[in-house]
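*Asks:* Protein chains in written order, with this note's numbering: chain A, 214 to 458; chain D, 214 to 458.
To be clear, the hints were calculated from the coordinates, so they are not data collected in a lab.
Treat the hints loosely; a few may be bogus.
Each pair may be met inside one copy or between any two copies, as identical chains are not told apart.
Using 20 Å as the maximum straight-line C-alpha spacing, the simulated SDA-like pairs for lysine to any residue come out as follows [to be verified]:
| id | residue 1 | residue 2 |
| --- | --- | --- |
| 1 | Lys454 | Val332 |
| 2 | Lys257 | Thr280 |
| 3 | Lys236 | Ile283 |
| 4 | Lys250 | Arg373 |
| 5 | Lys259 | Ser281 |
| 6 | Lys454 | Arg334 |
| 7 | Lys391 | Glu453 |
There are 2 protein chains.
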Amino acid sequence: MRNIILVIEYDGTNYNGWQAQEKYPSIQEEIEKAIFKATKEKVKLKAAGRTDARVHALGQVANFFTTSNIPGDKFRFVLNNELPDDIRVQSSQEVDHTFNARFSATHKRYRYRIFNGLVERPLIRNFSYHVTYQLDVEKMRQAANDFIGTFDYKSFRGRRSSIKTSIRTVYSVDIKQKGEMIDIIVEGNSFLRNMVRIMVGTLIEIGAGLRPADSIPWTIKQENRNCAGHTAPAQGLFLEKVFYK
Amino acid sequence: MRNIILVIEYDGTNYNGWQAQEKYPSIQEEIEKAIFKATKEKVKLKAAGRTDARVHALGQVANFFTTSNIPGDKFRFVLNNELPDDIRVQSSQEVDHTFNARFSATHKRYRYRIFNGLVERPLIRNFSYHVTYQLDVEKMRQAANDFIGTFDYKSFRGRRSSIKTSIRTVYSVDIKQKGEMIDIIVEGNSFLRNMVRIMVGTLIEIGAGLRPADSIPWTIKQENRNCAGHTAPAQGLFLEKVFYK
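Throw the hints in and build the complete structure from the sequences for me.
*Replies:* Quick look at the structure:
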C-alpha cells in the first residue's frame, strides 16, 4: 500500500462541508469518487481539518492509501480530470506510511474575511462576511493579542462538539485591513469546532463597541459558550495552510 | 415622470447577460421585476453597456422613468430588498430628464482578469481566465500601447454585430501584474461587441509568443476578424466604471 498526500483548494459554497454525509454533497465524497474512478479502489480520505458547510479551503491537506501504481505526482492530473470545477488538487505526492494529514500536522492557518462596507457586494458575497457597522480595527487588534497562548477555549467551542479536551494553543492572530476588507489570520496547533468563527464574531463585537477591548481574558476564563460573541458565518472562512515538520 | 439612475454591481455567472431574452434569466429582467414590485410600473431599463452572458459588473449604470414618489436615493434600499443576492444596487439618485445611461456616457472602463498559473483555482474560476502557458507581460504592455487612439476596430468586433460604424477611440490599456494574476484595464469612448475580449485574446497570444509584439497595427489595418486573436472567455471580464460629464 502506498500513502498519497493531496493539497486541495475548494469553493465550499455548494457543499455541506468536508465530511461525507448521507444525502448531502461533501468535498470528501467528491474526491473519494474521483479516486475510485482513477484506481477502482474505495478509499477513506483523511483530512487535516474538517471544514463546515460553505467554508472554503486554499490548502486543505488529505491522505489516502492505495495499491495503484499511478505515480504520486500524477494523481493531481488524474483526479482533476474527474473532479467538479469547484474542487482542484493543487499538488500530490507519495509520502511515508507514517504520515497522517491530521495527526502529523504541527499547526494550521485560517483566514477570515470581513467586508466592512455599506452596500452588499455580489461579487464577494460567497467569500466574505458583510458587516455594516463601522469596525474599530485598532481595538480588534488590541483584543486579538489576548488570544495568543495556551488556554481552555471552552467559551469558543461550538455546541454539538464531543471533543474531550478544549485546551488549545493559539500562536498568532493578525488583522490586515485594505480599504473595506478586513482579514483576520489565525494560526494555532489545532482548533475546536467553530472556534475561529466564534473568535471572529467576538472580535467583531469588540470592533463595533459592543464589548470592551480588554474582555477576551474574562471571556476565556468563563469557560462558557454564552459569554463569547456570535458565530461569524461560514462563507468568510478559509482553511489557508496546514503545516508539517 | 422622474428619471432615476442606478449604479449596479452583479455577479454575471448565472445570467445570460444584461439584456432581457425569452426563456433565459437576464440582469435587466431581474431589476425590472424589482422595480415593478416597488412601483407597480413596467419600466424599460436602459444600461450604459449590455454585458454578455457570465460577464460581471462593478459599476454598471442604468436609468428608467417612473411616476412613483419614492425618493431617488431610497430606490437603492427598496430594490435591494427585492433583488436576488447576485445583483445589488450600489447607489441610486434622481437625475435630469435628459440623462441617458448609454448616450450621456463619455467613456467606460473594463477590467479583464487573467490567472496565469499552472493549476486551476476553484475560488476564482468564475472571475478569471485561466491561462497556463507563461505570459511575457512586458511584450503585452508594449503591444497594448498600439491600441491607443482612434481606429476602425473591425478586426476586433465579434460576429453577429449589426453596428454601422466600427470606428472607436481607446484611451488607455494598462496591464497590472500581481503574482499569478494579470489585470488588463481598458478605457475607451465605447466598445464594439466582444471588443475587449478579442483585444485580450490577442494580447495573450502576443504574451505567449504566438504573435509578434509589434503586430497590433497590422491587425487593426486588416479590418478582418480572422486576423485578430481568440475571444477571451466571458467570466474574466468586468464592466468597472462608466464615466459621465
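*Asks:* It remains to establish, for every hint, whether it holds in the given structure.
*Replies:* Quick rundown of the hints versus the structure:
no.	hint	result
1	Lys454 to Val332	between (31 Å within a copy, 17 Å between copies)
2	Lys257 to Thr280	within (13 Å within a copy, 63 Å between copies)
3	Lys236 to Ile283	neither (31 Å within a copy, 46 Å between copies)
4	Lys250 to Arg373	neither (35 Å within a copy, 42 Å between copies)
5	Lys259 to Ser281	within (18 Å within a copy, 59 Å between copies)
6	Lys454 to Arg334	between (27 Å within a copy, 15 Å between copies)
7	Lys391 to Glu453	both (19 Å within a copy, 19 Å between copies)
Taken one by one, the earlier hints fail for this structure at numbers 3, 4, listed in ascending order.
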